[in-house]
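Q: Spelled out, the chains give:
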Amino acid sequence: GQQLNQSPQSMFIQEGEDVSMNCTSSSIFNTWLWYKQDPGEGPVLLIALYKAGELTSNGRLTAQFGITRKDSFLNISASIPSDVGIYFCAGYWVGNQFYFGTGTSLTVIP
Amino acid sequence: SQTIHQWPATLVQPVGSPLSLECTVEGTSNPNLYWYRQAAGRGLQLLFYSVGIGQISSEVPQNLSASRPQDRQFILSSKKLLLSDSGFYLCAWRLTGPTDTQYFGPGTRLTVL
Chain A
1 GQQLNQSPQS
11 MFIQEGEDVS
21 MNCTSSSIFN
31 TWLWYKQDPG
41 EGPVLLIALY
51 KAGELTSNGR
61 LTAQFGITRK
71 DSFLNISASI
81 PSDVGIYFCA
91 GYWVGNQFYF
101 GTGTSLTVIP
Chain B
1 SQTIHQWPAT
11 LVQPVGSPLS
21 LECTVEGTSN
31 PNLYWYRQAA
41 GRGLQLLFYS
51 VGIGQISSEV
61 PQNLSASRPQ
71 DRQFILSSKK
81 LLLSDSGFYL
91 CAWRLTGPTD
101 TQYFGPGTRL
111 TVL
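Just so you know, the sequences run in chain order A and B. Here my numbering is used: position 30 in the first sequence is 30, and no number is missing along the way. Here my numbering is used: position 38 in the second sequence is 38, and no number is missing along the way.
Take these hints with a grain of salt, some might be off.
Coverage of chain A stretches by chain B, computed from C-beta distances (three or more under 8 Å per stretch; other residues unrestricted) [as the list claims (entries may be wrong)]:
1) 67-78
2) 81-95
3) 99-105
In short, the hints are calculated from the structure, not lab data. Where a beta carbon is used, it is the ideal one built from N, C-alpha and C, also for glycine.
Chain B with its partners taken away, still in its complex shape:
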């Protein structure tokens, strides 16, 4: 069965510091991968998605970037964090086909101080 991992689970970073969040998926090949941010109050904002190694689509211009160095690895980065980058970051993978479905990871809580 498929499993999705995210780390770290929690992160507190000062303004201006770099960021690297990692997401890995087990048990599937060539998944579509997604990064979402969830601010307090629930809404899920799509940040990036990737359909393959090195292929990144950005939905919202911002202080963040994403990379997919390996088939089942998706990384969210920033060179300099802003206060507004605080939030709950969720990675997800998509099962494509007749029964299209999306599964989420456990999330990373980022607090920028």
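Here chain A stands alone, though its shape is the one from the complex:
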């Protein structure tokens, strides 16, 4: 099935720095979702986006639904150690299937 291109694959940043990651698709979506997964646990939904151009925040996290409907961005401001984990994007158009990115592994150095 289709897989989304997510970048970067991994990031090593200092505590307090801002983080940016993005997801691109060859197809348009009408829903973009962002998840965080801690080791050994299921992904937890962070932000959901439903309109092109939409900008949504959840605490220090901000995500945007790209105007072309083929991409989405996630920013984390002032990173802290508990931000460590793998971040996934997911897109949905019609039917029953969601399509997932390959994940961005984030390491925060205290």
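Fit chain B to the known structure of chain A by using the hints.
A: Only chain B this time, still in chain A's reference frame:
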């Protein structure tokens, strides 16, 4: 509010043994349910999904099968496990409508030896 459960949390099974993983959802009716496998290295592979009792769609032909005996219960099974069946199995349910969203369970770590 809705809650999704999976058990067991961890399982170690010998090659050739049967498998049964269970997923249940609380707080919603007629959910769309999904089974994913996540191998080491992150990618989520959709295995099965179900839009209702007894309705199963398979995405990847393999050694596994799924069943939905009740509205909020989804079961992943195998008659004979292979080494390649090892992985992290995630169940998810979907909130349909104008705000389509998917929520994951805590997962089951399966090791086949």
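Q: Do three or more residues from the segment 99-105 of chain A put their C-beta atoms closer than 8 Å to C-beta atoms of chain B?
A: Coverage by chain B holds here, the residue count being 4 at a Cβ distance below 8 Å.
Q: Please verify the coverage claim for the segment 81-95 of chain A: does it have three or more residues whose C-beta sits within 8 Å of some C-beta in chain B?
A: holds (count 4)
Q: Do at least three Cβ atoms from the segment 67-78 of chain A come closer than 8 Å to Cβ atoms of chain B?
A: Since three or more residues must qualify, the claim that chain B covers the segment 67-78 of chain A is violated, with 0 doing so at under 8 Å.
Checked against the numbered hints listed earlier, the structure breaks hint 1 alone; every other hint is satisfied.
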